[in-house]
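Chain by chain, the residues:
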Amino acid sequence: MANAGQGKSPRTTSGAPRAVLRPASAVAHEVAEKLPFVHHPASARFPEWRTWGSLKSKVARGAPAGPSAPEQLRDHHVFTYAGPSCYSKSSAVGDAAAYFDPSLEVGAAGSATPFDSGALVEPNPCIHPWVTLTEGERWARFLGVEVALDRWRESFKDWLVRCYDDPVRYLESEGDPYSDGEPDRPEPRELTEHNGVAGRAKYPRCADRRAWTWEVRFRDEIGFQHVCVLHVPHEHLSAAQDLADQIEAASRRTVEVRTLPRSVPGSAREIYRDSGRVLREVVGV
Amino acid sequence: MMSHRSIEVRDGVLGDLWVAGFHGEIEPALTPARRGPVWVDAESHAVVVTEGQGGELFAEISETVVRGRESLEGAWTPTHRYPATSDGLFLILGPDERWRLKEVFALSHPGESSGVSQFLRWMASDTVQGKGVSAERQRSTAGDGDLSIWYCSPGDADEVTRRYGEVYTRELLKIAREADATNIERAAFRLWRASTTVEDIYLVAAALQKIGYRKRRWEELLREGAREATSEERAEGVEKAARSLEAARERAAPPVVSYPRRGELRRPHLVKCAARSASGHHLLAAAARAEARIVA
Chain A
1 MANAGQGKSP RTTSGAPRAV LRPASAVAHE VAEKLPFVHH PASARFPEWR TWGSLKSKVA
61 RGAPAGPSAP EQLRDHHVFT YAGPSCYSKS SAVGDAAAYF DPSLEVGAAG SATPFDSGAL
121 VEPNPCIHPW VTLTEGERWA RFLGVEVALD RWRESFKDWL VRCYDDPVRY LESEGDPYSD
181 GEPDRPEPRE LTEHNGVAGR AKYPRCADRR AWTWEVRFRD EIGFQHVCVL HVPHEHLSAA
241 QDLADQIEAA SRRTVEVRTL PRSVPGSARE IYRDSGRVLR EVVGV
Chain L
1001 MMSHRSIEVR DGVLGDLWVA GFHGEIEPAL TPARRGPVWV DAESHAVVVT EGQGGELFAE
1061 ISETVVRGRE SLEGAWTPTH RYPATSDGLF LILGPDERWR LKEVFALSHP GESSGVSQFL
1121 RWMASDTVQG KGVSAERQRS TAGDGDLSIW YCSPGDADEV TRRYGEVYTR ELLKIAREAD
1181 ATNIERAAFR LWRASTTVED IYLVAAALQK IGYRKRRWEE LLREGAREAT SEERAEGVEK
1241 AARSLEAARE RAAPPVVSYP RRGELRRPHL VKCAARSASG HHLLAAAARA EARIVA
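Chains as they are written, first to last, in the numbering used here: chain A, 1 to 285; chain L, 1001 to 1296.
It should be emphasised that the hints constitute simulated quantities derived from the structure, not laboratory data. Cβ coordinates follow ideal geometry from the N, Cα and C atoms, glycine included. Some hints here could point you the wrong way.
As the list claims (entries may be wrong) - The following label-pair restraints were derived from C-beta to C-beta distances:
no., chain 1, residue 1, chain 2, residue 2, range
1, A, 23, L, 1250, 55 to 65 Å
2, A, 71, L, 1011, 27 to 37 Å
3, L, 1178, A, 63, 44 to 54 Å
4, L, 1102, A, 106, 56 to 66 Å
5, A, 63, L, 1138, 30 to 40 Å
Claimed, not checked - Under 8 Å between C-beta atoms, here's a sample of chain A residues computed to sit facing chain L:
no., residue
6, 44
7, 48
8, 88
9, 134
10, 197
11, 263
12, 264
13, 280
As the list claims (entries may be wrong) - If we take Cβ atoms under 10 Å as the criterion, some of the chain A residues that face chain L in the derived model are:
no., residue
14, 60
15, 62
16, 237
17, 260
18, 268
Take the sequences, apply the hints, and build the full model.
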């Protein structure tokens, strides 16, 4: 059911509240317009990255880029999700995330795809059924769906309408990352036959919701002046509020702090699970 | 290359999985804290545990071998290896909590779990590694004190945290009498970290409101800490907590005594003054001494 209870609920003649059903396209428009970019710094703890001032690509940090096309992509960009904070690797830890305001994309260079590019173009891909393709074929597939940064929200909105009966479901993150937000009509259709829950039953390795979560990449660097939400473990609230105040003073924009529930241990997994809630609040759906 | 496999759970223990540490790092000034475990398999490969829709657990095993801090892509704190449990977490306590152990022991009750009493006894000792309890002491990376680290069930973590919450509530009420904003803020955030109920959160918000903490920030804290409550319930909760802070302050305020002239002091007057005071018996004793002097 799409957005029952959203906004003011008119009453029926009997006085009982009546759910307001908004068309999926209107909800998709709202999600697509307001959705922030989420980055979970897996490589640092919050007290460390809070002092960085910006997130930088490998090249922007002074390291050379690799020669291959996938390496160029990886080394020149900062990666974010337009969706729940689903970056997950068994070798990656961390406990907080930063959400960047949509204004970040104004004048920036970059691109987007309706999935995690690393799952397709990195040397050990996990998105089926393309894992058996050659590196060149996988790169061609990537280029075929890549969208320029200045057009990605329009593409994203259309994708939400095509893929979901209720576009808010895209923001699900409270359950199994292999089934959360699974599209009603995936593109291509076989995506969820080979990834997610079905893929897990078929293969020793496949993609989780990263197969259907939009990744937006920014060239070189993204500054903290664009942060709109800091999402931290419960005990870091005070430090996060200090950072939020600093960013607000510099940017004259509102920065909010969200915490994990008080009984929940800080970890990448819990940040992921709570990120859907935070995104729904930011977008207002 | 990663691979999946389902996990067999026996008596809450996850097959052949272990925990090797926890996500992030902790400073002693940020305790009590809870942290998610870093899982490894028997060959020390890093593992992510996910829960299927039917509650079944899956291990996502990577090729990364976990040996030291540098072996994982990120900030984590290695610990001794403990058998992984399905809902186990790390509870981290710092010097603030160790100093208050006596008060926490005083809150022991006959029905408490053996895990809780074993942990508290170990915490009171000087032993680095717990025996019969998955606990250990570590020097913090910030270098300002020891951390007591316990891999435990959420229920045991709740019980210990609840007791600290009780101790920190009493402290906040006591400190609120002093009207020192820095001390009140520090005490409020100690309670925030040890909070287990919405009443704790209401008290923190009321204390911060009292000292002029930025409104949007204490409201944010209130919304995050009491997210299950409605905005009306939150407003009511903070108002009630503000009254208890005020009552604590009034109890400590010097009693308004209209000093009698020489020879006018009478016993009923003293009793009335004493009744107004939180430490009435002290006042009564002092006044009785004064009376003796006046009469003399």
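Have a go at the residue 44(A) hint: is there a Cβ in chain L nearer than 8 Å to its own Cβ? holds (6 Å)
Verdict for residue 63(A), residue 1138(L) (Cβ pair) under range 30 to 40 Å: The hinted range 30 to 40 Å holds for residue 63(A) and residue 1138(L), with Cβ atoms some 32 Å apart.
Distance restraint evaluation - residue 1102(L), residue 106(A), Cβ atoms, bounds 56 to 66 Å: Because 58 Å falls inside the window, the suggested range holds.
Could one say that the CB atoms of residue 1178(L) and residue 63(A) fall in the range 44 to 54 Å? holds (53 Å)
Against chain L, run the beta carbon of residue 237(A) and see if the smallest gap drops under 10 Å. holds (6 Å)
Interface hint for residue 268(A), Cβ within 10 Å of any Cβ on chain L: Holds. Min distance 6 Å.
Return the status of the interface hint for residue 264(A): holds when the least beta-carbon distance to chain L is below 8 Å, violated otherwise. It holds, given that the least Cβ distance between residue 264(A) and chain L is near 7 Å, below 8 Å.
Agreement of hint residue 48(A) with chain L interface, Cβ distance less than 8 Å: holds (7 Å)
Does residue 280(A) hold up as a contact with chain L if the rule is Cβ-Cβ below 8 Å? violated (13 Å)
Does residue 197(A) meet its interface restraint, that is, does its C-beta lie within less than 8 Å of any C-beta in chain L? For residue 197(A), the interface hint holds, since the closest Cβ of chain L sits about 7 Å away, which is under 8 Å.
Can we keep the residue 263(A) interface hint, with Cβ of chain L closer than 8 Å? Since the shortest Cβ distance to chain L is 7 Å, the answer is holds.
Is the interface hint satisfied for residue 134(A)? The criterion is a beta-carbon contact with chain L at less than 8 Å. violated (17 Å)
When each numbered hint is compared with the structure, violations occur for hints 2, 9, 13, 14, 15.
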